[in-house]
Amino acid sequence: RGWYVQPQLSFGGYPACMHLTVMSGTQVAIVDEFLGDLKTSIAAAKALPDASPAPSLVQLLQSLDPATLNSQTIAQLLGMAGIRGTDLPKRMAEINGLIDAMPPRLSEAILADFVNQMFVCPSEV
Numbered sequence: 001r002g003w004y005v006q007p008q009l010s011f012g013g014y015p016a017c018m019h020l021t022v023m024s025g026t027q028v029a030i031v032d033e034f035l036g037d038l039k040t041s042i043a044a045a046k047a048l049p050d051a052s053p054a055p056s057l058v059q060l061l062q063s064l065d066p067a068t069l070n071s072q073t074i075a076q077l078l079g080m081a082g083i084r085g086t087d088l089p090k091r092m093a094e095i096n097g098l099i100d101a102m103p104p105r106l107s108e109a110i111l112a113d114f115v116n117q118m119f120v121c122p123s124e125v
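Under the working numbering, think of the first position of the sequence shown as 1, with each following residue one higher.
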């Protein structure tokens, strides 16, 4: 719908939520349009299937030691999540759910490796 909202994953005791930035230059005239689009989007999101990872997958993620992972293992884990190479899925709910279920050190290691793979020269692969 043309708006940019950012998912914010859970942290400490706070649940996952949506992050919005409203700047001083935001025009009051668009607030009603935004709120209408937000209401429509929330209704559409509620109609989608639950994107939470399976409890068994969460348990597996909790047991992984990021220090033991290499790029090949991370690529295999991402493949299990439906990510091949550096192409992201069209919908990010499942990916955000997986990242949210990971311990912070694990998500940091996987995301750093993924981003690094985006900038690898073909001759280095």
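Incorrect hints may appear among the rest.
Stated by the list, open to error - If you anchor each label on the Cβ, the simulated ranges turn out as follows:
| no. | residue 1 | residue 2 | range |
| --- | --- | --- | --- |
| 1 | Met18 | Ser63 | 38 to 48 Å |
| 2 | Gly25 | Gln59 | 45 to 55 Å |
| 3 | Gly79 | Ala29 | 10 to 20 Å |
| 4 | Gln72 | Glu108 | 31 to 41 Å |
| 5 | Gly12 | Pro89 | 20 to 30 Å |
| 6 | Gln117 | Ala44 | 31 to 41 Å |
| 7 | Ser71 | Asp37 | 31 to 41 Å |
| 8 | Pro7 | Ser63 | 21 to 31 Å |
| 9 | Gly13 | Pro89 | 42 to 52 Å |
| 10 | Asp65 | Thr40 | 37 to 47 Å |
| 11 | Ala93 | Phe34 | 36 to 46 Å |
| 12 | Val115 | Leu20 | 21 to 31 Å |
| 13 | Gly25 | Asp65 | 42 to 52 Å |
| 14 | Thr73 | Val31 | 44 to 54 Å |
These are computed hints drawn from the structure, not numbers from a lab.
Built from N, CA and C at the ideal position, the CB exists for glycine as well.
Query raised in the report: For which of the previously enumerated hints does the structure constitute a violation, in increasing order of number?
Result: 1, 3, 4, 9, 11
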